[in-house]
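Participant: Per this note's numbering, residue 1 is the first one in the sequence shown, and the count goes up by one each step.
Be careful, since some hints might not be right.
If you anchor each label on the Cβ, the simulated ranges turn out as follows [claimed, not checked]:
1. G207 <-> Q233: 39 to 45 Å
2. D322 <-> D203: 56 to 62 Å
3. I93 <-> V201: 30 to 36 Å
4. K37 <-> R159: 19 to 25 Å
5. G373 <-> Q233: 21 to 27 Å
6. Q333 <-> G157: 45 to 51 Å
7. D203 <-> A334: 49 to 55 Å
8. L155 <-> L12: 32 to 38 Å
These are calculated hints, taken from the structure and not from any lab test.
By construction, the Cβ of each residue, glycine as well, lies at the ideal position given by its N, Cα and C atoms.
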Amino acid sequence: MTRTTELPAPTLLRFATAGSVDDGKSTLVGRLLYDSKSVLADHLEAVERASADRGREAPDLALLTDGLRAEREQGITIDVAYRYFATPRRRFILADTPGHVQYTRNMVTGASTADLTVILVDARNGVVEQTRRHAAVAALLRVPHVVLAVNKMDLVGYRETVFASIVAEFTAYAAGLGIPGVTAIPISALAGDNVVEPSAVMDWYSGPTVLEHIETVPVSRELAHGRARLPVQYVIRPRTAAHPDYRGYAGRIAAGSLRVGEPVTILPSGRTTRISGIDLLGRRVDTAWAGQSVTVLLEDDIDISRGDLIVPTSDAPATTQDIEATVCHVADQALTVGHRVLLKHGTRTVKAIVEDIPFRLVLDDLSLRTHSGRLLANDIGRVRIRTAEPLPVDPYADSRRTGSFILIDPGDGTTLTACMAGESFLAPAPADGSAATVDGWDF
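Generate coordinates for the entire structure from the input sequences, incorporating the hints supplied.
Facilitator: The structure is reproduced here in structure tokens:
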């Protein structure tokens, strides 16, 4: 029987694109797919026909990602468009997010699981309000890597001074948000400069192209080395002649690693036991890592069901019914104090009530406003929630997977709010209700 303890190589990169309206996000993605030969022939033919119908001589590469009829008609992105492609060096899951203010919530969806975010800026307009919004969302979601792609350099004569000025302004703003570092790349998505191939007209730039950077940027292994968490999705009991007593607990490891023989605790019950075996893709292994879907066998028969959490006994999180979180409200209906909701954390869903909304973030100037009492669509704010049952929620700063949860409308199942547990910004708003600046936020 094959056994392995080797940490799998991180060959997959999840990344998202963001930026203001008409900054060229879809064209960048289309150019990336087209020049890296990641477009199927029939898809390209359909885009060429659609482009010809509009009187265009060359294919409109933005149509490779703008799939909704309304998007094609308006020339904008409305929904998050996911694309899967690969190069010899790495596999990618790309989320092309919309730029309109009313679709800021879609950027939260696309960037919530991203290892990297590409924020586009039109070289003619520089850093605008929506650029700052997207930078703030990337900081709140703790996206590990941020790329500033200064697009449409062909429309400003490929001038280095324009690029340098935009980079200086953006990096100063990003530093204030706590973003650890920014990789800036001057590009022309329409002409293909520095997207897949190096530009022949910007010899003053010696850095990587967009493709080179996303192929080589290190993918964080902190999930694999963090606190081990296995949300149970399904209990496997075949009860066959070959496996009469088999009882396994299946799920995808959210963080850390699990080993055979390790003492574990089942939450929220608090019962303890040891791991007697780990099955991975039909084979028995000694160790399993974050991101792998496994079936765990335990030494003792314990009442475990979907929604329970298997964690190392030496590193078990505390359970609580009182949760404070930074949230982005994504539904059209408002979230208000006293709102009764369902809270989904991992594979567990419980009833909850919104006890307080201490303040919200004003996206126009990144100030904090107190005593708002409610959150509207796209609002980012702070909430205090009381749950009907104890939950083992990690701080979002420790784990993006087990520190996040969503609020759901119990009536129709609509997702209301995306939540990040713990402190996302440090400075409290003034008691008099006036605005507090973004200085002092602890991302």
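Participant: Going back to the hint list, which numbers does this structure go against?
Facilitator: 4, 5
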